[in-house]
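> Produce the entire structure from the sequences given, and follow the hints as far as they go.
Numbering that gives the first Met the number 0 applies: residue 0 is where the sequence shown begins, and numbers increase by one.
Because the hints were derived from the structure by calculation, they are not lab data.
Just to be clear, a hint being listed does not mean it is correct.
Claimed, not checked - The following label-pair restraints were derived from C-beta to C-beta distances:
{"hint": "1", "residue 1": "Asp44", "residue 2": "Ala1", "range": "32 to 42 Å"}
{"hint": "2", "residue 1": "Met0", "residue 2": "Leu23", "range": "17 to 27 Å"}
{"hint": "3", "residue 1": "Glu5", "residue 2": "Asp66", "range": "28 to 38 Å"}
Glycine included, each C-beta is placed from N, C-alpha and C at the ideal position.
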Amino acid sequence: MALPAEKVIASITTAMAAKPGNLLGVEVENEGGKTLCEVEILTPDGKTYEVEVDVASNAVVEVELEDDDDDGEDDKDAKNDKDDKP
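Right, dumping it as structure tokens:
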């Protein structure tokens with residue numbers, strides 16, 4: 000799916016604000032009539048997150064911790080997990 004570069008850059012900026020780190024990749028998808036940018040980020044603690052951003056509203060839809068325990072399932076974080084306390 001083609002998307003203007005400024006929309007992709009805005010989505011990446013939003014995702015990186017939610018989960019600061021290094022950009023690993025970006026994928027554009029259409030889900031349920033919405034265009035989403037799925038931004039994969041490696042955080043300083045070594046965890047990989049997929050942050051979904053709604054392109055139309057430039058809002059974070061979901062933050063997902065990529066699973067590394069080979070059980071076939073992804074570990075999900077809450078949408079606003081930056082407010083979680085350890």
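> Could you tell me which of the hints above the structure violates, numbers in ascending order?
none
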